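K.L.:
The chain contents come next:
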Amino acid sequence: MTTLPAAPVAAAGRSSSSVVVARATTAAALTVLMALAVLLLALRWPALQWPGLGVLLGVPLVRNAFLIVGLRGRDRAHAVFGAVLLVMVAVAAAFAAAR
Amino acid sequence: MPAAVLAANVGLVGAAHFVIVSVGSLAMGVLGGLLGVGGGVFLVPWLVMAAGVGAREAVGVSLLCVIATSAASSYVAGRRGDARLDVSLRLEPFLVVGALVASAMGVRVAEGPLLVGFAVFILIVAALVWVRGRFAGVERPPGLPVERHGIVNALAALSGAASGLFGVGGGVLLIPGLVLLGRMPVKEAATTSSLCLMSSAAAGAVVHLTQGGLPVDVVAIAVVGVLPGGLWGARLQQRVSARTLETTFMVLALAVAVLTALKGFA
Chain A
1 MTTLPAAPVA
11 AAGRSSSSVV
21 VARATTAAAL
31 TVLMALAVLL
41 LALRWPALQW
51 PGLGVLLGVP
61 LVRNAFLIVG
71 LRGRDRAHAV
81 FGAVLLVMVA
91 VAAAFAAAR
Chain B
1 MPAAVLAANV
11 GLVGAAHFVI
21 VSVGSLAMGV
31 LGGLLGVGGG
41 VFLVPWLVMA
51 AGVGAREAVG
61 VSLLCVIATS
71 AASSYVAGRR
81 GDARLDVSLR
91 LEPFLVVGAL
101 VASAMGVRVA
111 EGPLLVGFAV
121 FILIVAALVW
131 VRGRFAGVER
141 PPGLPVERHG
151 IVNALAALSG
161 AASGLFGVGG
171 GVLLIPGLVL
181 LGRMPVKEAA
191 TTSSLCLMSS
201 AAAGAVVHLT
211 QGGLPVDVVA
221 IAVVGVLPGG
231 LWGARLQQRV
241 SARTLETTFM
251 VLALAVAVLT
261 ALKGFA
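Sequences listed follow chains A and B, in order. 1 is the number of the first residue of the first sequence in the working numbering; add one for each residue after it. 1 is the number of the first residue of the second sequence in the working numbering; add one for each residue after it.
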């Protein structure tokens, strides 16, 4: 019977969950930087205002997308629920504004 | 991009106000990071009183700044690996619903009562900071389950409501609550709080954006100031004694509360 080698993350002393969190938060931070760049460009070209704000508002969704891909079990279900809730908030607010 | 070009495209403010917003946001970010209360507690009064931004718009701007600062601080926490993802994910829906309800109410409240409410909120935050200082020694080992789930969830909804109504991060309520009611270690509570606050801020900001309107030019300048300011302030925090920070915060909180209340009554 052969024994599979331990996962690299476990060998490095970090649980797979903390690696997923690190990836997700890194993605969120990079999205913020991207949103900042677009918002600063929007000062010169106002047409970029909405894309800039959209990217900034989408930061939690980007983070949750990485969590959904990386996590398993109950934590994944919570991440899915959080993402669905945020999308519902955005859609409801957009409908309310359109009315 | 030259500053003159940026200033020329700032619709709400001119060159002088561009400097006021950018330098002020940086300073408020440093102050918020240094005192551990986030930038919003000082940014909203600054935008209203110094930069001439309306109270509701200032709340919206601050919420967008909270998304950026929360992402930055959770990046640091995520790399260190000391945040509780399970707790964060369970609290997030309560924070989001609280922020949604409060921001929907906030965009309909007149500016005067909103500012007076903000002044009262600052005083409550000051009291909580004082309490947090007294209970700093009560610690448990990290990783244990959070106690009193129901009360902690209700507190998360309240923190979300404070965030949506006043444009603050909500950590000023959530962290003492997690420590005192949930019996979490202070460090674990702070890092967990930074993970989940961006969702409530986003929910509140969406409402402000679609219902109340947001000055996007001010948002861009404020985020650029608050983000590095907050990180710098958090680093400076290590070099100042807790007692000095607490006293400084009490004095500043009292001054800001009085000025904000006067502005609200005016």
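In case anyone wonders, no lab produced these hints; they're calculated from the structure. Quantities reported herein were computed from a predicted structural model and do not represent experimental measurements. All C-beta atoms in this analysis are idealised placements derived from N, C-alpha and C, irrespective of residue type, glycine included. Among these hints, one or two may not hold up.
[Claimed, not checked] Derived list of chain B stretches under chain A, where covered just means 3 residues or more per stretch with a C-beta under 8 Å from a C-beta of chain A:
{"no.": "1", "segment": "19-31"}
{"no.": "2", "segment": "50-58"}
{"no.": "3", "segment": "62-74"}
{"no.": "4", "segment": "191-205"}
[As the list claims (entries may be wrong)] Heads up, incomplete: computed chain A residues facing chain B, CB under 10 Å, no partners named:
{"no.": "5", "residue": "Val-21"}
{"no.": "6", "residue": "Thr-31"}
{"no.": "7", "residue": "Ala-42"}
K.L.:
Can you name, in rising order, the numbers of the hints this structure does not satisfy?
P.N.:
When the structure is compared with the hints, numbers 1, 2 turn out to be violated.
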